[in-house]
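J.: Respectively, the protein sequence lines represent chains A and B. Heads up: the first sequence at position 2 corresponds to 2 in my numbering, and the numbers run straight through without jumps. Heads up: the second sequence at position 112 corresponds to 112 in my numbering, and the numbers run straight through without jumps.
Be aware that one or more of the hints could be misleading.
Claimed, not checked - Taking lysine-lysine pairs in the BS3-like style, the calculated list, with each CA pair at most 25 Å apart, reads: (1) A:Lys81 / A:Lys96; (2) A:Lys141 / A:Lys24; (3) B:Lys116 / A:Lys140; (4) B:Lys116 / A:Lys141; (5) A:Lys81 / A:Lys109; (6) A:Lys115 / A:Lys81.
Said to hold, decoys possible - Calculated from the model, a selection of chain B residues having no Cβ within reach of chain A, i.e. all distances over 12 Å: (7) Thr31; (8) Gly62; (9) Gly172; (10) Tyr173.
Don't read these hints as lab results, they were simulated from the structure. Beta carbons are placed, not taken as given, at the ideal position from N, Cα and C, and that holds for glycine.
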Amino acid sequence: MGQWIKTLATGVKIVGEDSATTAKLVSWSRTPNDDLLQVSLEHQGFTLEIVGLGTYWQSDTYEAAYPGPQSVLIQRRIEKKIEATNQVFRIIQQPKLLRAVFDNMIVGKAVPIQKAWVGQWLILEYDLRTASARYYVRGKKF
Amino acid sequence: MGVSIMWSLTNGGESISELVDHGNISNGAATGPATLYLRHDGVNNITNVGLYIRAYSSTYGGSFTATGDFNEILSWGNGATDDAFGGFEVNLNASGGFLTSSWPSRSEKTVLVGGKIAGFVHYPGYGDSEPNAVELSSLTGAIDDGEIQPGNSPNVRLKVRIVAPTDEDTIGYRQFDQVLRFNFTS
Numbered sequence: 001m002g003q004w005i006k007t008l009a010t011g012v013k014i015v016g017e018d019s020a021t022t023a024k025l026v027s028w029s030r031t032p033n034d035d036l037l038q039v040s041l042e043h044q045g046f047t048l049e050i051v052g053l054g055t056y057w058q059s060d061t062y063e064a065a066y067p068g069p070q071s072v073l074i075q076r077r078i079e080k081k082i083e084a085t086n087q088v089f090r091i092i093q094q095p096k097l098l099r100a101v102f103d104n105m106i107v108g109k110a111v112p113i114q115k116a117w118v119g120q121w122l123i124l125e126y127d128l129r130t131a132s133a134r135y136y137v138r139g140k141k142f
Numbered sequence: 001m002g003v004s005i006m007w008s009l010t011n012g013g014e015s016i017s018e019l020v021d022h023g024n025i026s027n028g029a030a031t032g033p034a035t036l037y038l039r040h041d042g043v044n045n046i047t048n049v050g051l052y053i054r055a056y057s058s059t060y061g062g063s064f065t066a067t068g069d070f071n072e073i074l075s076w077g078n079g080a081t082d083d084a085f086g087g088f089e090v091n092l093n094a095s096g097g098f099l100t101s102s103w104p105s106r107s108e109k110t111v112l113v114g115g116k117i118a119g120f121v122h123y124p125g126y127g128d129s130e131p132n133a134v135e136l137s138s139l140t141g142a143i144d145d146g147e148i149q150p151g152n153s154p155n156v157r158l159k160v161r162i163v164a165p166t167d168e169d170t171i172g173y174r175q176f177d178q179v180l181r182f183n184f185t186s
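Chain A on its own, in the form it takes in the complex:
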């Protein structure tokens, strides 16, 4: 079981535990997605996390064959829109963590943001089939 956590600019945290989300007691899309400071998503002990003020999104990929169990979850991701004010982000990858930190004051190893990326989305993705995570920039959110 996992959960996502939105940290608003006010410091308020909104938590969506998987069981509550599945029961439709809390929704990612119907809670604030702008002016967030940080978003994290935990699934089976692995954490995706993005830090930095901005607009966020979250999506999951499923597959459904027939007959038999349907809607098998295969990928989870969090996404942050890249703003014109963002200059760099740092990626921190550990066995159970993939974190991106947007901070223009970062000194040392960081990913410089290309002009073409502004308005696009940084995606952090965890693949349940391979228990691996990756990051990439995409033109639009999922």
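Use these hints to put chain B onto chain A, whose structure you have.
T.: Positioned in the frame of chain A, the structure of chain B alone reads:
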């Protein structure tokens, strides 16, 4: 988290609980198309919807091997001659009444109607894996290309059939999975 897909054989019907049997056919013939219906119980649209096939993932009951069947079905769709061509074909043109012209052919493996995918055949690199899933077009009744709205009726629908190549010389049962790939945000 929290969405279930229903594949069914009738509009709004029960979820498919057994294998879809396409029957027996002779060389060069096509199975009678099966109509498949799709719906989901999510509160939002599902997006990035695509179709692909894979090796049969349950207990294999065919005549050969699951991997062998999968590769063979794909190779039929990539047949180099008319006699070698066949495979697993999909007709997405529900809004056009599943026109015969929407079924693919060796020279037109993907049929477009108004720029949308009306029909296609699976072959290596196309509809053969999750990353290579073929977009489900709005011709199926979906609200947009690759996007299915919530709701029970009318369901998104498509027809599928198998064409046995004329020059196929190995008799036996083949099995594979047809899979829907999609994204969802709660």
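J.: Could you run down the list of hints and mark each one as holding or not?
T.: Tested hints:
Straight-line distance between C-alpha atoms of A:Lys81 and A:Lys96 comes to about 24 Å, which keeps the hinted pair within the 25 Å bound. Distance check on the hinted pair: A:Lys141 and A:Lys24 sit about 22 Å apart at the alpha-carbon level, within 25 Å; holds. Proposed proximity of B:Lys116 and A:Lys140 is supported: the alpha carbons are some 21 Å apart, at most 25 Å. Simply put, B:Lys116 and A:Lys141 have alpha-carbon atoms about 22 Å apart, close enough for the 25 Å limit, and the pair holds.
This hinted pair checks out: A:Lys81 and A:Lys109 have alpha carbons roughly 21 Å apart, not beyond 25 Å. Restraint check for A:Lys115 and A:Lys81: satisfied, since their Cα atoms lie roughly 13 Å apart, inside the 25 Å limit. Non-interface call for B:Thr31 relative to chain A: holds, since the shortest CB-CB distance, roughly 17 Å, exceeds 12 Å. For B:Gly62, the condition that its CB be more than 12 Å from all CB atoms of chain A holds, with the nearest at approximately 16 Å.
Interface exclusion of B:Gly172 from chain A stands, the closest Cβ pair being 22 Å apart, more than 12 Å. No beta-carbon of chain A comes within 12 Å of the beta-carbon of B:Tyr173; the shortest separation is about 17 Å.
Comparing the model with each numbered hint stated earlier shows that all of them hold.
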